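Engineer: What follows is the residue order along each chain.
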Amino acid sequence: MKKAISILLILMFIGGLVLTGCGKSVDTQKEEAPTEPVAEEEPMQVALVLSGGLGDRSFYDSSHEGFEQAKKELGVEGSVLECKNDPSLFQDQLVQASENAQVVVVVGFEFYDVIQEVAPEYPEVNYIYLDNVVEGIDNITSITYLENEGTFLAGALAAMLTQETSIEGINEEKIIGMVGGVDLPVIRNFQIGYEEGAKYIDEDVRVETIYAGDFEDPAKGKECALALYSKGADIVFHAAGKTGEGVFEAAKEVKAYAIGVDSDQRYINPDVIVASMIKGVGLSVFETIKKIQDGAFEPGKVIYYGINEDGVDIGYGTPDMKQIVPEEIKSKVEEIKAKVKSGEIEVPTAK
Amino acid sequence: MFAAELLASSLRMAVPILLTAIGAVFTERSGIVNIGLEGMMIVGSFWASVGAYFYGPMMGLLFAMMAGAFLALIHSVTTVTFRVNQVVSGVALNILAYGSSRFLSLVIFGKATTSHHVSGFNPVDIPGLSNIPFLKPLFADISPVLIMALIMVPISKYIIEKTVFGLRLRSVGENPLAADTLGIDVFTMRYAGVIISGMLAGIAGAYLTMEHTGMYVEGMTQGKGYIAMAAMIFGNWTPTGTLGASLLFGFAEALSLRAGEGSIVPYQFIKMIPYVLTLAVLTGIVKKSTPPAASGVPYDRSTG
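Residue numbers (the working numbering), protein chains in the order written: chain A, 1 to 351; chain B, 1001 to 1304.
No lab work stands behind these hints: they were computed from the structure.
No experiment lies behind these values; they were computed from the predicted model shown.
Built from N, CA and C at the ideal position, the CB exists for glycine as well.
Don't take every hint at face value.
Unchecked claim - To be clear about the criterion: a stretch of chain A counts as covered by chain B if any three or more of its residues have a C-beta under 8 Å from a C-beta of chain B, and this derived list gives those stretches:
no. : region
1   : 103-111
2   : 220-228
As the list claims (entries may be wrong) - Here are the computed distance ranges between Cβ atoms for each label pair:
no. : chain 1 : residue 1 : chain 2 : residue 2 : range
3   : A       : GLY169    : B       : ASP1185   : 51 to 61 Å
4   : B       : LYS1111   : A       : PHE13     : 30 to 40 Å
5   : B       : MET1058   : A       : ASP202    : 46 to 56 Å
6   : B       : PHE1103   : A       : LEU17     : 13 to 23 Å
Let the hints inform the model, and build the full structure from the sequences given.
Structural biologist: Below you can see the structure in the form of C-alpha cells.
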C-alpha cells in the first residue's frame, strides 16, 4: 500500500514538472525564444539584467523605466531578469539574456568579471553595461555616470539648507549626513561629490557618512539615519537603494529632512524629502537603445553621462508638491550647476 | 545622551531577536529543533503588512501570528507525526516562506519585493521616566510591541518553570519515553511548543514590518531567525538568558550601524561584530551549553 502511494506521488511530481516545462513561459524567463533569423520588421529583442531587484524606487526602477519607455516608444521587446543580489545568479541570468536578445542592458557594477567572460561568447549581441567601465571588448559599451557632479549640487543644496534655521526642523548646527549602501567605488563617488559640494558653500559644514552595508535593508537605513540625526544632522542624503526607504522613515520620525537618489523620490514623502539627486539611468538606457535602433551606435566605447548630458540633476518633485527648499537656494543651485557644466567648477571623482 | 540613544537602538534591534528566541526556547525545550523560525518571521512580516495595510495594525499583528502558527503547524505535523528530519523540514519551510511571500506580494500588492507603506501602533511614552531629558530616547516614543516583548520574558519564565504545562513541556524534551509512560501526551506538548514558537516568530516579523520599517521589504529579516537561535543557545535555553543574549546581539548591531567614517577603528571591523559574535557563540568559545537531552530526536512510540 505504502509503495503504491509513493510511486503515485513520484509520478505526480514528474507529471507536474513536465507540465510546468510545457506551460506558458512566465514573464521573467523567456523559455521559448524566436529561433528564426531576425528580419528588419521584427521588433528588436532587448533584455534587462539587474544585479539587484526591482522595487527599490530608485536605481533599478529607473533603468526599468527607461526600458519600458523604449518598449513603448521604440517598439522593442524583451524581459527583465533580476539577480536579487545573489552573485551565483549573475552568470546564468546573463547567459539566459544573451541567448534570447540582441541587446542586453546589464545594470550593476557587480557584473564586472562575469560580463567580460560572457560577452566574448556572444559576439553578435550588443551589451550595454551600466555603472562601470569595461574597455577593450568590442561588443561591450560602458555607460558611466558622473554622479559626483550631481551630488555636488545635492551637497551644496544641503549645506545651504542646513543654515536656513528659519525653516522648521533645521537646527543651529551645520551638520549634514549621508547614508551609503554598500561601500563600492560608485557610492564613494556619490560621497565625494556630496562632501565637496557642501565644502564649496561653507568650509564649516560637517558631513557625516555612515555605510549601512546593504542595499536591501530599510531597517539598517533607518538606524543609520537616526544615528546621523541624533548627531545633529538635519538633512540626510542617501545613496542606498531600498535601504534608503528607512532613511525616509527616520526623517519622518524625527521631523527632519532627507534627499532622495536616482529617481525623483519626493512623491514617497513630500513633507520630509526636499529633493532628489536624479541619476539618468532610465534616460541613458532609452537613448542608447534608440541609437542602436537608428543605427547611429558605435559599440565598444565608454559613454559618460554627466551634468552636460542630463545624466545627473536635482529634482524637486512635481509642481503640485509644496516646496520646502526656498527659491533663493534653488537659484543658487542652478548657478552652481551652470558653473559645473561650463567647467568652472571641477568636481573630484572617486572612480 | 549618546549612550541612551545607543541603548534605545539596541532595544529596537533586539526585539525581533528576543521574541523569536523565546519562541525557540519553547520549541527546543519540547524537543523539536525549529530552523524554520526564519521562515516564520518572513511570513509574519509579510502578512503583517497585508493585515495592517487593509485593516490596521491590530489585524496586522493577528495575521502575522496566524501565519507563523500555520507554518509552525506544518513543521510540527511533519516532524512530530511523520518524524521527518527536523532540520530538513525547517529549511524547506524557509524556502516556502520566501517564495510564498514573494508570490503573494505580487498578487496582493502588485509589487514583488516591497509593500505599500503600512502604519504601526501608536508609539507610547512611559509616564514619568520619559520626562528625564537624559533618558528620553530610552523611554519616549517606544513601540508597544517592545514593551510586550520585554513582558514576555518573565511570563515565559513563569510558564516554563512554574506551571504544570511548563513542566510537561520540559519533560517531553528531556526524556519523552519517561513522560509518555506517565501519561503525558508527547505529541500534543510538542505541537504546542512549536506552534507557540511560530506565533512568537510571526509577531517578531510583524514588529519588523509595522514598527521598525513601516513597510514589508523582501528579505527584511536578514537572517534574524538564525541569530535568534544563536541567542537561545547563548542564553542556555532559558528566557532570561535569551533576553541577555538578544540584548547583546541588538547592541552589536546597533553599534555596527553607528560606526561612521570618522571612527578610530575602521568601521568595517565594527560591522563584523554581530557576525563574529554569532560564530563565537555557536562554536562554543564563549560558553559551554547544555541543550535539552532529547532535542532534535523524533519520538517514536514503538522504539522510545
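Engineer: Tell me the numbers of any earlier hints that the structure contravenes, in ascending order.
Structural biologist: 1
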